[in-house]
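Given chain H, work out where chains Z and Y should sit, using these hints.
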Amino acid sequence: MNGYQEWHLHEDRYFNPDPAQRSIAGELYRSVAHLPIISPHGHVDPRLLADENASFGTPADLFIIPDHYVFRMLYSQGISLENLGIPRRDGGPTEKDHRKVWQIFADHFYLFRGTPTGVWLADELNSVFGIGEKLTGQNAQSIYDQIEAKLKLPEFRPRALFKRFNIEVMCTTDAATDPLTHHQALRKSGWDGNIRPTFRPDAVVNLLTPGWSDNVKALSRASGINVVSYQGFIRALEDRRAFFKSMGTVATDHASEKAYTAELGSSEAEAIFQRALRGKMSPEDARRFTAHMIMEFARMSIDDGLVMQLHVGSIRDHNGLICQRFGANMGADIPTQSEFTHNLRPLLNKYGMDTRLALILFTLDESTYARELAPLAGHYPAVKLGPPWWFYDSINGMRRYFDRVMETAGLHNTAGFNDDTRAFPSIPARHDLWRRVSADWIAGLVVRGIVDLGDAHEMILDMAYRLAKRAYKMA
Amino acid sequence: MNGYQEWHLHEDRYFNPDPAQRSIAGELYRSVAHLPIISPHGHVDPRLLADENASFGTPADLFIIPDHYVFRMLYSQGISLENLGIPRRDGGPTEKDHRKVWQIFADHFYLFRGTPTGVWLADELNSVFGIGEKLTGQNAQSIYDQIEAKLKLPEFRPRALFKRFNIEVMCTTDAATDPLTHHQALRKSGWDGNIRPTFRPDAVVNLLTPGWSDNVKALSRASGINVVSYQGFIRALEDRRAFFKSMGTVATDHASEKAYTAELGSSEAEAIFQRALRGKMSPEDARRFTAHMIMEFARMSIDDGLVMQLHVGSIRDHNGLICQRFGANMGADIPTQSEFTHNLRPLLNKYGMDTRLALILFTLDESTYARELAPLAGHYPAVKLGPPWWFYDSINGMRRYFDRVMETAGLHNTAGFNDDTRAFPSIPARHDLWRRVSADWIAGLVVRGIVDLGDAHEMILDMAYRLAKRAYKMA
Amino acid sequence: MNGYQEWHLHEDRYFNPDPAQRSIAGELYRSVAHLPIISPHGHVDPRLLADENASFGTPADLFIIPDHYVFRMLYSQGISLENLGIPRRDGGPTEKDHRKVWQIFADHFYLFRGTPTGVWLADELNSVFGIGEKLTGQNAQSIYDQIEAKLKLPEFRPRALFKRFNIEVMCTTDAATDPLTHHQALRKSGWDGNIRPTFRPDAVVNLLTPGWSDNVKALSRASGINVVSYQGFIRALEDRRAFFKSMGTVATDHASEKAYTAELGSSEAEAIFQRALRGKMSPEDARRFTAHMIMEFARMSIDDGLVMQLHVGSIRDHNGLICQRFGANMGADIPTQSEFTHNLRPLLNKYGMDTRLALILFTLDESTYARELAPLAGHYPAVKLGPPWWFYDSINGMRRYFDRVMETAGLHNTAGFNDDTRAFPSIPARHDLWRRVSADWIAGLVVRGIVDLGDAHEMILDMAYRLAKRAYKMA
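Residue numbers (the numbering used here), protein chains in the order written: chain H, 1 to 475; chain Z, 1 to 475; chain Y, 1 to 475.
Chain H extracted, bound-state conformation (with noise of 0.2 Å):
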């Protein structure tokens, strides 16, 4: 990738060791290894880029306090998230010297071996911060003082790693009643980054979402209409999207547990509607109410052109101690499992067919790949499958991925790869590793003679850049 060095990582790492498939897996990445990055799915805070100042604080700032893959890891072994310095709701006390934290971190960096958190840290230290050795115990303080002063060099500003990672695009993740104060902001400021908004109504949508009717307060202050009916509440939506679709944004992002879809009449939808703003709703109400929600996000997605991403089966917070004493978000959601053949269906039939809908579909249980989502995503013109998500944002993720959905799906009803990380430095370090295990696996296709050096070029051409760009509809 440009500027982005690999100084000491080995340079055919990922691929396989057979020399004759490691030979033309390394010609394929390195066909792409330079394309720029189209980051179309992730959560990083606009306000560093909005900035052009902003810093990312310490080495504890950057690499652990706000990456639960990081801190999720180290609890699981009994270490306390106080003594990791994750601030507390009840402002409790926790560790505030980062060079503590850095060090129980450099002390348990063995827990990493063979994770993709590893490899993307091992990646990021050496190609972007340029440390030339693992990190151990002994060396803890003196990798900090290298990452510390890396850090306050302009260099290292966000915006000049955005530059130096070579992100043509780049969207974040933003509540549908989220001002965009920070990407307007990025605007006015007249630099060149191409950043934009994805708009994510999940908190004003879910009905059991804590704080719902603040959400939807704050949903009828942003679009200046008074949200007392569901149909004050679509139109409320609807003019969200026009705004946010005004400053850039090509895609919509909602989750569900199950991916269930359900059709209501619209008295159904305004009995559930009126029965949640006074806070009487069942979790069959919100169940039903998020399944009509998503066919109603279909819909506008036809009627304005907006991508639609659909992430199904987490459970969130699924420790509650953890919830209550650090809040939400905290390395402790659960997958569970996901049904899409049966709970897509009335979507599918209704709007599945329609060429203008592009639906995009994530999934946590690898089962629903190769029996339900590869069949739906070669079938309906509508559907295609995003790249394997979160913990399947990994080596063994992405073959399991190929392995399951390719043949039957076709890589065209594929999206390309999303980092969908909040971890900023670690954007390249991702997408580097979907291209060489993408080239890793077209090389396994090509000394199977399943397909020609031809095809595997176009391939990879597609899995690096093409696919991701054409499925956000950003080509």
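Everything labelled a hint here was simulated from the structure, so no lab data went into it.
The list treats identical chains as one, so a pair stands whether inside a single copy or across any two.
Taking lysine to any residue and the SDA-like style, the derived pairs with C-alpha atoms no more than 20 Å apart in a straight line are:
| hint | residue 1 | residue 2 |
| --- | --- | --- |
| 1 | 258 | 315 |
| 2 | 258 | 345 |
| 3 | 350 | 80 |
| 4 | 217 | 206 |
| 5 | 96 | 141 |
| 6 | 163 | 185 |
| 7 | 258 | 337 |
| 8 | 258 | 343 |
| 9 | 96 | 56 |
| 10 | 134 | 453 |
| 11 | 134 | 458 |
Just chains Z and Y now, kept in the frame of chain H:
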């Protein structure tokens, strides 16, 4: 395979690139590549072989219009079925110029990269039709010319290809009510091809089948038994099985969404049957009646010796619009979760210990391979596992099947290969792929010291030829 | 392994054929091949080791009659258990001539090609008994002679093999009501083999166990507490745990079909228990009582420090006829779907953050590895994952486990290896297979640049020895 050319295709295709494994895989493959084909389950139209002068029509008639594997992929990318020349039920306009249909197919042939359809087509075009270059939009019309010319030659009539393909036996799939006219004509013609019907009673067993009561009337006509009661229904089915058996049938075939089995008392069975005759059956009636009939068919199999096939887990015609406009089986069947452990227990506890029963199970839910199916086949004498079905009739599908099934079930509790195809010219490509992937799997066991070369040669003979013949009682 | 010969077996068996990976795998394997065996979970009869003169009986007594892995495969191919010498509960006739049983086994030894039983048997026959040729129908009687002669030698008594196998510690599995007579005799004998009982209370916890009320009476006798109430039941269990602990127990073991946990109020628990004492419990009572008791056992583990094992997902004695005729555990247990994310939430929210609890989870539903178990183990401090269990204690089973578990859970949230066997002479073959497949997996990470060789050496030590010892608190 006999008369099966391999110009321009990779000689060691589908084999692991490791030189040691590849060499053994090649040795094993070549030892069985010329063995006759056993095709115990498929959907070739017997009419093609009943008439010695039957022809395949145009290249589009042969490769595209009847093959939902092909057109569902094109459809998934936004190409209408009308433009592919698929006939509409309402007789509405569809493309009649097969050269235009072929051009669309060739323009989009890249969609099949890395798919089983892609490698079968490459093999058919090259090995059967002698096409020496990859199909592209540029050469589409010239390749159309070449295939069209071939299809007019006597050696490209179905019977000639049947001989060239070296098919020892081929079973078709036929409704319980089918008079087997084409099979009778075949027998009378004196041609020595071994073609056998298979008894498939789903259309009279599944009470929710559109036109069920017409199907029951057809059953009355075919059996000469006036089916007005459950007992008459059973007698008529037994009569039809006897007729099929007299026509060479070795097996029956049954579909089930969930593999649910349950024995009804005769009064409950009669009551449900009477409700169905009056059009008053509920979905639960249909579910219980199918569950019961699967047990009845196991009992009949013990009586008459027909092998019983059970195909589990397909949601038929998921896309209502496509079904309404083009009919059933148009590439929109989507798999769903299956369950065998609890659902088959009633059947297996009654009949699973009886060595006269041969029950061959097929699944579209691969999570059941290692968890349910391999343990069941590795215990119950009556149970064998069919080969990877449909979406899993592919290189990766076979690898996953070998990986998950063989250690627990053992090779001898599996049933060899089925091509399960309606695309007659794809038969040798499909069996060749199975033989290659099997040889590669066994070679992997040899290079890992798990089996020796002597065992390996026995295993490839089993997989390429003997297991299928034995499982379907044709040995 | 110490005293563990490898004549005639492939020196690099189970390793990837790639020369680079194989070379590293061999280096890693050889670095741990001679380490002592840690066997923290298994089903060897302690009687074998309590009596210094105990013998294994005939070759059929050793290899066939007690091993349901072996006879269920023969049974699946239509060989009756009577012909294999398996005793009937009704005392009905079974084969008494063990040479005939052995001949059937040898005639059908090809059924075990590519199965774990096949490679264990090859290893045992060769490495333990010095048999230099593959077992066949032809050499069956001569090999019988050789094994029979060896089994009469003092160095083939169980205690001698225990030493030769270099077993550092072996845990048995013992009912909560067991007086541990053999363990007491073992201790008194002065022999220095380290054998420890494991506390398994399923037969008094699962209210539907045949003979449950007799088991409760046995619990009263064993504990000296007259168990007529739920509170007495709990006290009796705590008493037995204390006794087991005094006898060297480090762990408890619990079975659950679905991993369902729920805390009952003490009055509900008492009410269910009273219904059970009167024989009036419902299946739902049993389900809820087990769910509650699993939580109680977690509480007790926090109190007394015993490691808690939970084995989930087996439907016991699926074949009713076999159970009725031959008893329980006769090779007819079939796995079913499990669910951990929702089902363990009550337990984990109450106790999962407590580092005093060590909860080791085992599954027969591999779809839960990546989806549920690895994320749970990668978050909750109390949770570790047990090795691949039963049908998955195999080369492919281990590869799938490494593939799906390690990236998310990390190696240190796993518990090393268990052999889980009642076949004592198979213990070294099973641990050797684990060590080889582990070494090959790590070598695969090295050649892909994911871990370096220094880390690799640490990892193989963990997998071969240290993790099991640490997880079971024996380090």
